[in-house]
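Trainee: Chains as they are written, first to last, in numbering that gives the first Met the number 0: chain A, 0 to 216; chain B, 0 to 332.
I should point out that these hints are in silico values taken from the structure, not numbers from a laboratory.
Each hint should be verified, as a subset may be incorrect.
To be verified - Which residues of chain A face chain B? A few of them, derived with a C-beta cut under 10 Å, are:
#: 1; residue: 71
#: 2; residue: 147
#: 3; residue: 150
#: 4; residue: 151
#: 5; residue: 152
#: 6; residue: 164
#: 7; residue: 199
Here a beta-carbon is modelled for each residue, glycine too, at the ideal position from N, C-alpha and C.
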Amino acid sequence: MTHFPTDLTALRAADLNDSAEQFGAELARPQTRRGFLARTGLAALGLMVGRSALAQTSKAPAWAEGMELDVNFVLKTPAGRYNRPYAAVWIEDASGASVRTLGLWANTTPKSVKYLNELRRWSRGDQARRAQGGGDVVTTVSSPTRVPGAFNVVWDGRDDRKALLPQGNYTLVVEAAREDGPYGRVRQELALGGAPLKKTPEGAGEITDVVAEYRRR
Amino acid sequence: MSPLLAEAPGPGAHFWPTLRWPWRRQRGGPVTYRRHYEQVLGTACELRIGAGTAEQAQAAEQAALAEIDRLEMVYSRFLPDSELNRWLRGGAATGALCTHVPGPDLAWMLAVGEQWRLATGNAFHPGADALGELWRAAAAQDRVPGDEELAPVVRALNSEPPLPGALNFNALAKGRIIDRACLEAAGQPGVSDVLVNIGGDLRCTGPTDVRVQIAHPGTRADNAAPEATLCLRGLAVATSGGTHRGFRVAEEGRERLYSHLLDPRTGRSVQHVLAASVIAGDCASADALATALSVLPADEGLRLANSFTQTGCLIVEASGRRRSNAFWQAHCV
Numbered sequence: 000m001t002h003f004p005t006d007l008t009a010l011r012a013a014d015l016n017d018s019a020e021q022f023g024a025e026l027a028r029p030q031t032r033r034g035f036l037a038r039t040g041l042a043a044l045g046l047m048v049g050r051s052a053l054a055q056t057s058k059a060p061a062w063a064e065g066m067e068l069d070v071n072f073v074l075k076t077p078a079g080r081y082n083r084p085y086a087a088v089w090i091e092d093a094s095g096a097s098v099r100t101l102g103l104w105a106n107t108t109p110k111s112v113k114y115l116n117e118l119r120r121w122s123r124g125d126q127a128r129r130a131q132g133g134g135d136v137v138t139t140v141s142s143p144t145r146v147p148g149a150f151n152v153v154w155d156g157r158d159d160r161k162a163l164l165p166q167g168n169y170t171l172v173v174e175a176a177r178e179d180g181p182y183g184r185v186r187q188e189l190a191l192g193g194a195p196l197k198k199t200p201e202g203a204g205e206i207t208d209v210v211a212e213y214r215r216r
Numbered sequence: 000m001s002p003l004l005a006e007a008p009g010p011g012a013h014f015w016p017t018l019r020w021p022w023r024r025q026r027g028g029p030v031t032y033r034r035h036y037e038q039v040l041g042t043a044c045e046l047r048i049g050a051g052t053a054e055q056a057q058a059a060e061q062a063a064l065a066e067i068d069r070l071e072m073v074y075s076r077f078l079p080d081s082e083l084n085r086w087l088r089g090g091a092a093t094g095a096l097c098t099h100v101p102g103p104d105l106a107w108m109l110a111v112g113e114q115w116r117l118a119t120g121n122a123f124h125p126g127a128d129a130l131g132e133l134w135r136a137a138a139a140q141d142r143v144p145g146d147e148e149l150a151p152v153v154r155a156l157n158s159e160p161p162l163p164g165a166l167n168f169n170a171l172a173k174g175r176i177i178d179r180a181c182l183e184a185a186g187q188p189g190v191s192d193v194l195v196n197i198g199g200d201l202r203c204t205g206p207t208d209v210r211v212q213i214a215h216p217g218t219r220a221d222n223a224a225p226e227a228t229l230c231l232r233g234l235a236v237a238t239s240g241g242t243h244r245g246f247r248v249a250e251e252g253r254e255r256l257y258s259h260l261l262d263p264r265t266g267r268s269v270q271h272v273l274a275a276s277v278i279a280g281d282c283a284s285a286d287a288l289a290t291a292l293s294v295l296p297a298d299e300g301l302r303l304a305n306s307f308t309q310t311g312c313l314i315v316e317a318s319g320r321r322r323s324n325a326f327w328q329a330h331c332v
């Protein structure tokens, strides 16, 4: 590539597609409005190309076939009848963005939805998600008699839009809160690759007996 | 009071009237209350009440909870002073002359339990808890009870009439409590619709459609995709299966979970059915039928369900085969 335009009027559309090498040469030129626009355009283009190239080269291997993350936890059960705290379980990626909500136990009627904010971290991630559309409506469930206070969710490696995520470092977060009551959040970093692993992070607040097991389905 | 000042809703937490926009007041209209409790009858409970005002919804909720508490004191086998336990101690369990006269709720249960036992050919059996005790004792020693242990109990259960013994109306009692709590709440002024779900058995009343997901059998995961979704109005659903409870026995180094559902006719843990769900007009019937269907061979179960009108069923066999009848399919979404 040896083509260096000598004056700005000679800068054609095709030149914009040229490499960053040419962009470097442009920098030495005197400042004009057209020149500035052309350079900015080139810079943006360069960034876009560079970013997608980078994303492609640093792509982690796909989610290991047949693996899943099994999460068990208990919300402490006092004696006698009691209101279930609000709870959420979700997965964050290495950058801290929430990628998948695994479970949400809360009232979602308009009057009580405000208390969802008590699940501080989950609701912050949820606002970002909601901007992309879609909350969920909880229906009632018929099942064999369940054990009070014990919860189990499974993560299949897919994000909220059902796209399979790559292997890598993820963080499991369990959060539980009450209206004017105790608050607890458990975080566990997990390096999810090809090998099974099992973690038992310390409980917090009303959350106890957290067991995260990455295992074969 | 100025139209801008209105009493705050909610359980008396606010002393000061709150400032509200007048047009918000006019929108008022019916409210839907949802409450989730843990440790109700040893499991989880969901209440959903639609009413004209928040106060009416709360009154209905209290009525439902009070009825649950009252009936738990009648039917529970866990509470030593429940009426059922006092009745059994009074001589009913040994066949002696009983000194305790059952009240109307217990009398209802004894009569209806016997009806279901006869209708299901002992697949639903109020005396089946005697088997459960043998299984619990054996599982504690990491073994499965042998035929010689089970045989005398199975004989006692299957003689006609069954020999006296401890009775436990678990399934039927839970269904009955759900029915009574639901009707009690629905009878309160201003209440339009009610849903009571205790541990996965539920009943709804009122003119609203309720979406009911049937939990996928064979997984405990709360976020698993449902087996089926129903759309119901004024009906009850009960599901029976071995997902959450059972007898853990270590065999050849591997732990094996035997379903807590025992066949009263053989004493064996049920293996051929993973789960059975039933739609019926009331939850007590749905519960008793679901228990029977998870014990009977699928063909017999389907025939039994079809012998009742307005009754739907889904039987998931261990082979993965799904069997359902027309009433069930008509309510699937």
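Trainee: Look at each hint and say if it fits the structure.
Mentor: We went through each hint and held it up to the structure:
1. 71: OK, holds: residue 71 of chain A within 10 Å of chain B, min 9 Å.
2. 147: holds, 4 Å
3. 150: Since the shortest Cβ distance to chain B is 6 Å, the answer is holds.
4. 151: OK, holds: residue 151 of chain A within 10 Å of chain B, min 5 Å.
5. 152: Because about 5 Å separates residue 152 of chain A from the closest Cβ in chain B, which is inside the 10 Å limit, the hint holds.
6. 164: Cβ of residue 164 of chain A sits 16 Å from chain B, so the hint is violated.
7. 199: violated, 18 Å
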